[in-house]
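Chemist: Chains as they are written, first to last, in the working numbering: chain A, 1093 to 1474; chain B, 2 to 315.
Rather than coming from a laboratory, the hints here were simulated on the basis of the structure. Any given hint might turn out to be false.
Stated by the list, open to error - Now the in silico label distances, taken between C-beta atoms and shown as ranges:
1. Gly291(B) <-> Arg1127(A): 42 to 48 Å
2. Gly291(B) <-> Asn1278(A): 36 to 42 Å
3. Asp74(B) <-> Ala1102(A): 53 to 59 Å
4. Pro268(B) <-> Val1207(A): 51 to 57 Å
5. Asp1204(A) <-> Gln295(B): 46 to 52 Å
Quick caveat: nothing in here was measured; it's all calculated off a predicted structure. Cβ coordinates follow ideal geometry from the N, Cα and C atoms, glycine included.
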Amino acid sequence: MSSTRPWVPAALVASMLVVASGTYVLLGAHQSPIRQHAKTPVQVAPPAPALKLPGTMYMVQAGAVYSLSSGKFSQLTDPSGWAQVAVIPDGSGLIAVKRTGYYSDLYHLGLDGHVVAQLTHNAAPSRYSDIGTNHWSFYPSVQPGSRTIFMSYDSGKDYSYEVDLAIWQIPIGGARSGWRQWSYPNGYTGGDVQPVPLASGGLLYVKYDQDANGNKASQIWLKSSQYGNSTALTSLADDCSQPALSPDGTTLAMVCSYQQQRADLVLAPFNGTSLGPPRTVLSQVVAQPTWAPDGSGIAFFSPALADQPFQLWWLPKTQYTPPAPSPSPAVVASPSPKSKSASKPVASPKPAPSPTPVPPPKAVQITTDLGLDATAPIAWRP
Amino acid sequence: MAIFLVGIALSGVSGALAFFLPALATAASISGQPVTIPSPSAVAALASPTPPSSAGGPFTVLLLGSDDDEKFDPNHVLTQSMILVRVDPAARQVTMLSIPRDLWVPLSVGGTAKIDGAYSYGGPAAAIATVEQNFGVHIDDYIWVGLKGLIKLIDALGGVDVVATNPVLDDYYPQDINSNNPYGYERVAVLSGPQHLDGTTALQYVRSRHGDLEGDFGRSQRQQQVLLAIRAKASQMTIADIPDLAAAFNGELKTSMSIARVRELLPLAGQIKPESIRQIVMLSPYTSLGTIDQQSVVLGNWNLILPLVRQYFP
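In isolation and in its complexed conformation, chain A is listed as follows (with noise of 0.2 Å):
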């Protein structure tokens, strides 16, 4: 027979390789995409959604702060420990977190990302051999119409195991002696974190604690000024953070985690001293909800399908603004059956109408293959 046809062998050696090639590749691509490699931002294709966005966003990823203004993205700075970014709010610059292994600093950086100064020197002297003099700076965030920020600064330490964040109040371009404590953190917490000034001079600021069972959680507080009053605004049990005021300053938008491996966006009315009664909006995981600066909706980061990195969302405001009342149901008097005790009509409610049931609110998916920082708040300036 192989004397008839000589290429069978070759041909059957030929197929075996193909086929057994082919299963390697086969099972290779049959892979689940738990290990999805990040693309960096600005790799990626300008996204749909993102076009409607209005201004300018900030957001980080592996170390760089990229922008994203009009459905494109660009890349401000090395991916160099850049970890938090905030707008200065008269549009002159950024101020953002770098970090290194032992220590973060803040600096002062052009819209282009260029440094214009490095406003933190948080790196231990030379001579210090006890690596816990160096310090952490982190969320910084700018007080509208003023030149000072607000940060969580691990100051006051011991010498001991503690190392707790602070809020601090520096000036830009100042001085160290210019600095300004705000609070005083609960010890061996984490301490306090997410500054977000008010233009009334007061802050809200997220305090960690502990409850009666040992769980760690965070509240919500309002400081009235430096020595001011403080307030907690909300409960242990509720277990929000990352506050984001609406830019008409009347509504906070909040993750809440219950103590759980949630985290929920919630909003509340806020009239500058509390809160009023809160809502669940999306109980999907959301971090870092922002405000866009007209109003038109909150992004946030969430990962596109449970335990991957986290993309950018955008909830409209159409899609958490509760529907306008319909009419009560109007209490009319009507004929009742004829009593033999009531020669009168009496007033009696028709049937209330059923309530519409109103569909659940639908974020918008902008990007799709990132892996965005979701310790860092989005920076938005209009």
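With chain A held as given, fit chain B onto it using these hints.
Modeler: Frame of chain A; chain B shown alone:
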């Protein structure tokens, strides 16, 4: 024609074998580790262990995590993390009980010491016997993982999503992973809130304890959070992911489970809902802090612990 078909079939099998060979080799080396539990007479048992589980019934696994860096003899490491996990496949329910590493107990190998020393003195058999005899549970299997193993596992899974309960700050975190000086320290700051953790950051989150008001107990709560996140991510795996995962485990994981047992359990991971997972950390009044032989230890209130264990690990 028959020869042709046999050849094609063989080549397909060989392609699959080539794909899974690294996984099979690793699985053979890490699974089915023999465990000989010492006789209970070696130590005065505080409680009678529950009977062994029946096939297909609920079973209990002891999870062990060790600092296995260059500071330690690889055969004599402490277990910084000990978590008893009971899985009830029929009820699709899981209970996790963290055992404080400083819990002062009689060891199965003799003497009384912190429970984290049991593995150091007698390997997994001593750790299992010590837990069985003090807590009155029967342990069916154990899984041991080292520091680098946890990092590699989480990286092999592409990271995990965790809602960090609070900022975890530590000025004196051991700098013993890929370091020239395993006795050095580094600063750690894992910020709070929802985030995607890579292996190194996840290890910092579960290992740091200096800046925590609850010390080792606070760390135990974080360990359970990351375990659940690993379970959630693992439930999305397919069989084609196994070679990469096995490569991550090389030398950093040991288990008494057989390959068949692991294969049997994998689908279960995706069937158990988060609300069906009970997490227990033995804070006060179950435990209290004390000092014995100039060591800071955790003292068990066994009048409360044993009924708790009997309730959740029947």
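Chemist: Determine for every hint whether it applies to the structure shown.
Modeler: Now the hints, each set against the structure:
no. : hint                                 : in the structure
1   : Gly291(B) <-> Arg1127(A): 42 to 48 Å : holds, 45 Å
2   : Gly291(B) <-> Asn1278(A): 36 to 42 Å : violated, 25 Å
3   : Asp74(B) <-> Ala1102(A): 53 to 59 Å  : holds, 58 Å
4   : Pro268(B) <-> Val1207(A): 51 to 57 Å : holds, 53 Å
5   : Asp1204(A) <-> Gln295(B): 46 to 52 Å : violated, 60 Å
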